[in-house]
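A.B. asks: Model the placement of chains B, C and D on the given structure of chain A, informed by the hints.
Each protein sequence line maps, in turn, to chains A, B, C and D. According to our numbering, numbering within the first sequence proceeds without interruption in unit steps and concludes at 344. According to our numbering, numbering within the second sequence proceeds without interruption in unit steps and concludes at 344. According to our numbering, numbering within the third sequence proceeds without interruption in unit steps and concludes at 344. According to our numbering, numbering within the fourth sequence proceeds without interruption in unit steps and concludes at 344.
Simulated from the structure, these hints should not be mistaken for lab results. Just to be clear, a hint being listed does not mean it is correct.
[To be verified] With a cut-off of at most 25 Å between alpha-carbon atoms, the simulated SDA-like pairs for lysine to any residue come out as follows:
1) D:Lys257 x C:Glu177
2) A:Lys193 x A:Tyr211
3) B:Lys33 x D:Arg274
4) B:Lys284 x A:Ser215
No experiment lies behind these values; they were computed from the predicted model shown.
Number of protein chains: 4
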Amino acid sequence: MRDPQQVAVVGVSGYTGLELARILLRHPAVRKPVFYLRDTAGAQCLGELFPQFRGWGDAPVKTLSLEAIAESSAGTAFLATPHEVSREIAPQLTQAGLRVVDLSGAFRFRSGATFSAWYKMEAAPEAALEQAVYGLPELYTSRISSARLIANPGCYATSVILALRPLSQAGWIAPERGIICDCKSGASGAGKELRREMQFVEVNENFRAYGLFSHRHTPEILEHTGLDGAQVMFSTHLLPLARGILSTLYIWLGEKRAAAEIEALYRKFYAGRPMVRIWPAGKLPELQHVAHTNFCDIGFALDETGERLIVVSCLDNLGKGAAGQAVQNFNHILGIEEQTALQ
Amino acid sequence: MRDPQQVAVVGVSGYTGLELARILLRHPAVRKPVFYLRDTAGAQCLGELFPQFRGWGDAPVKTLSLEAIAESSAGTAFLATPHEVSREIAPQLTQAGLRVVDLSGAFRFRSGATFSAWYKMEAAPEAALEQAVYGLPELYTSRISSARLIANPGCYATSVILALRPLSQAGWIAPERGIICDCKSGASGAGKELRREMQFVEVNENFRAYGLFSHRHTPEILEHTGLDGAQVMFSTHLLPLARGILSTLYIWLGEKRAAAEIEALYRKFYAGRPMVRIWPAGKLPELQHVAHTNFCDIGFALDETGERLIVVSCLDNLGKGAAGQAVQNFNHILGIEEQTALQ
Amino acid sequence: MRDPQQVAVVGVSGYTGLELARILLRHPAVRKPVFYLRDTAGAQCLGELFPQFRGWGDAPVKTLSLEAIAESSAGTAFLATPHEVSREIAPQLTQAGLRVVDLSGAFRFRSGATFSAWYKMEAAPEAALEQAVYGLPELYTSRISSARLIANPGCYATSVILALRPLSQAGWIAPERGIICDCKSGASGAGKELRREMQFVEVNENFRAYGLFSHRHTPEILEHTGLDGAQVMFSTHLLPLARGILSTLYIWLGEKRAAAEIEALYRKFYAGRPMVRIWPAGKLPELQHVAHTNFCDIGFALDETGERLIVVSCLDNLGKGAAGQAVQNFNHILGIEEQTALQ
Amino acid sequence: MRDPQQVAVVGVSGYTGLELARILLRHPAVRKPVFYLRDTAGAQCLGELFPQFRGWGDAPVKTLSLEAIAESSAGTAFLATPHEVSREIAPQLTQAGLRVVDLSGAFRFRSGATFSAWYKMEAAPEAALEQAVYGLPELYTSRISSARLIANPGCYATSVILALRPLSQAGWIAPERGIICDCKSGASGAGKELRREMQFVEVNENFRAYGLFSHRHTPEILEHTGLDGAQVMFSTHLLPLARGILSTLYIWLGEKRAAAEIEALYRKFYAGRPMVRIWPAGKLPELQHVAHTNFCDIGFALDETGERLIVVSCLDNLGKGAAGQAVQNFNHILGIEEQTALQ
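If we strip away everything but chain A, and leave its shape as in the complex, we get:
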């Protein structure tokens, strides 16, 4: 019998995996988490590999093997693995009866062609893609609760979709002008792979744009806001800090609005959703308010004419942008309060 409260975490060594470990190790509903790595370097427990976990209990570390996971009584698997690894593993784990929360991009699109076009690699089998549910809990709660395979959203995508969806769904965005998504992320978002441009001296006291017109989170944003790609420009930048994404979004409203209307729209949309915090009109969230949390904070400024709107959306790319959101999805699987272990 599989127990969804028993979790297997695959690929713990990246920044997302480590953050996942940090949250799951103090999650009150998690029983006996096991951490699987390609190479355990002879270690028996997490603290031997990552000294920051010494004294957090002896969470066992095992060499990655699908058989081992399948034979265990784990009911939930978190995959903090590269796209191509998730693509292979996830379907096998769901077939073995586990519920899977995948943090890669492999299952974020219903269409394999979309995936292949943006990720430049083969997509997962169609059956697996059909089974997958996009794991943005504020939008798709019920589907997530019953999903066998949850595709945890991209970090930038989460920040942009949560900010734009209430406006687009209400039809408040002028279709004939552009929508600009200028996004900035901390360095942990780039992952742990060794790269010259991620060395301290190259990021410190520096700031740069990257991925213009080519970032992989673009199709997620379009799909879940319903906006037309020709209308949107989306850019990404690298901040000299470790954690956090701040997105500045520029919108022309179709008609004149009052600030109170905008605020009310957001508040109504996210009523009862504790992980999205709407700021009072005229006050803006900052990265420090959300670092090391699972919150997405949204604030805005409306110009005097009431027609031009700037929305600011902040989250922690390892929190609500990755590991935190994965646990929020897991909480929906368990049917417990979505903020459990996330505050």
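C.D. replies: Just chains B, C and D now, with coordinates in the frame of chain A:
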């Protein structure tokens, strides 16, 4: 007889003033610079007040007095003073026969009403405003060379105008869509005044937007790009680093263009202007490339359709954005190469 | 009837107070915490004053008044107040029957003269000083459990004492050579008071020593290690980061030792104390391992001769160095596991 | 005929090499510098390889070849190459008649055995070692002026030796107590080689000790201060910033001294040496004072007893700690003012 190579620097204690000192002390055409402060605290030379200048020669420090400056043989005065101080001092110094490079906002607009509306204070007398020349040397060389009063541009404004002017002048910007200027600055841009939100712990590992729809550099940008204010959204953000501004600019082109055309337009516009560096199509400048320099680096990305353009413009807010540009203007006063002491 | 699980927090607005709030708001044994400030600016709850606490529950904020605290059923008060405020308030609160954890320096010394000499202000009344217990739980558990007034140690002092005490108590330190404590702290240790030298531009990309031969934590270190002041040099430095203290300690051992002996000495001393983590010989802790935790990590390197020892001790100055340790002391008051809410 | 003003720079791609380029490109006495790299990637000039050099003139880049250098009229070669490369190249270049400033460790010791013991590799031939002069200009001016091969000192070593040598030479250090050198460096000191622990996320908001009892700069320090290795403990730490070394040095004076005596000793020792700045008693230098300069700033605090001294020594590890000092040595070769191009 006034000697333009003898300079008086007023208000050396802020970050801009200190950077100005750093450049002028090694400027080969500067003779006997004197630094004036409201309060010299009994110091005789710069190194006593600011230890980083010990061993740079004994540049004299004097208590600020218009009489003292007027009686000296100084021919050029740099004012790194607050708007309200520059507003009073600059006309008096020009009347005393000095040429003045003012780094405040007091003389940046022909219209006193524009100044008052954005700076919430009384404007300088009309005669002084008429006399003033906007000190962006790549645009207004000849006027600057003969100006008695040069209004050194704002840091954000410099970065945005240099990037947009070639496009707007060529008529390549679609008038019916928006133009977005998403700008990010380091903390030295906020000046040295003590403020809670500029304390290390509040800026470090943080990032935030500010001044939305209200930043004082807005009217400079509109005036010198010729764009319509209703078309432009301009935002500013605070980066957790000391020096640099990076502006990301979003433009819908009126018609399809090739990347080579865009690059050629920029190269032609800035031919013979060493302080603006155009990047080859598809490569983007970064803050580190311009920190501690007087360069403004401009690069861009054009999307596949050839209709949507993102331009990235970088400079050092204390260099090309303030003190460096002031010295570039001074070099035009002297009639020497504009990059003198700036490389 | 006073309930020790009901807590009053006085002075929540500094960095230490905010960290205390963060820990107490998720402490499973804390009931109805109330936060007292000198000026609540009309706010009713913590989230109105500090936006990072929105959505954490509506922890009430009240204007500081001893009467209000005394009339409440609060059984424990945390004082994150300046020395001179704690000095007045703490005795009154203990008389009203509360147990007090004071985070200032006011009650750290049995001798009022020592306090006055180092803090340049009047000491608390002798009766209050006698009542106070030095709140370093790894050394003084039983006294803390029954104390009415707990003087939470200084951040530097905690890091140095925990590293030196096992050696000094064992008599392993050569008396005739010096002991050097070279300590480095992040900027949050300097508190929230506005100061030029704590502005971002002054701390970022900078590093400096301060307080040489005059730091107030000196007498704490001497008293709780038993070392002779003439033998010790203690220095403090400011790191360009927010959180953490790393102390590098240089010791001449009286006689040749093996690394295994040193490690064993530390392990034995801290057996059963989960908040102090001893590193295996030859591996050294880093600030990142302890940031945002209540751990003090201790590692060391012994030279080939076995006579010269360098010990490295790390902690988070707001965690084990202040708020975390205060809660650890509180856990001893309650008689619950000392790491409750601290992992 | 070799012209010492024509320079060849070998190994320009590391942080030290780039800093060297930055200084030499504006050095008034340098003619036609040529930059040699193992792999020029088809580039013709420096600006093609390193965009920060675009617009600095078209300094030519060539594929490294001893023949090419030997056949050129270059009279001076700077080697910013790994130890094992310098070891081979330097003797060949001196034989070809060039004067060589080597920035590696290969020629810093008269004894090949010392080199091999600390660097774990074969030493250069004895003849080459004998020919080499240790390039600390404040100590060895005349030897440097006539040297064929100058071994530029290590960055930590420079900072420690300049601070200790006046005291040790005067015999003011108590021999029976210890001398502690607690040194902290920015990340550019670690070089450009890709390493996990130098990635931004690993250095940012972190601080750690490394190289305890094993750092390669140890024998340089001992040799040029004349201190006994058994007496000295030398440690190194990694700061979360790019540039700068601050060394905190702890000394027991053999007898009571006044602060004025200490200051006078230093001032006398460094009289006429502009690149070492002595701070007035009780004031301490900071990293920001020396970043991007060639200064070494020395300050100190003496305790009340007059017997315990803490000296603080600061420099830029790429400036006075490497490239700047190399150019200072070059200036001595040319017989021009030693601070030329260094201010």
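A.B. asks: Is the straight-line distance between the alpha-carbon of lysine 193 (chain A) and that of tyrosine 211 (chain A) 25 Å or less?
C.D. replies: Holds, at roughly 18 Å.
A.B. asks: Tell me if the straight-line CA distance from lysine 33 (chain B) to arginine 274 (chain D) falls inside 25 Å.
C.D. replies: Judged against 25 Å, a Cα distance of about 24 Å means the pair holds.
A.B. asks: Are lysine 284 (chain B) and serine 215 (chain A) close enough, with their CA atoms no more than 25 Å apart?
C.D. replies: Status holds; Cα separation ~14 Å.
A.B. asks: Please verify whether lysine 257 (chain D) and glutamate 177 (chain C) have alpha carbons no more than 25 Å apart.
C.D. replies: 18 Å, holds
Against the hints set out earlier in the document, no violation occurs for any number.
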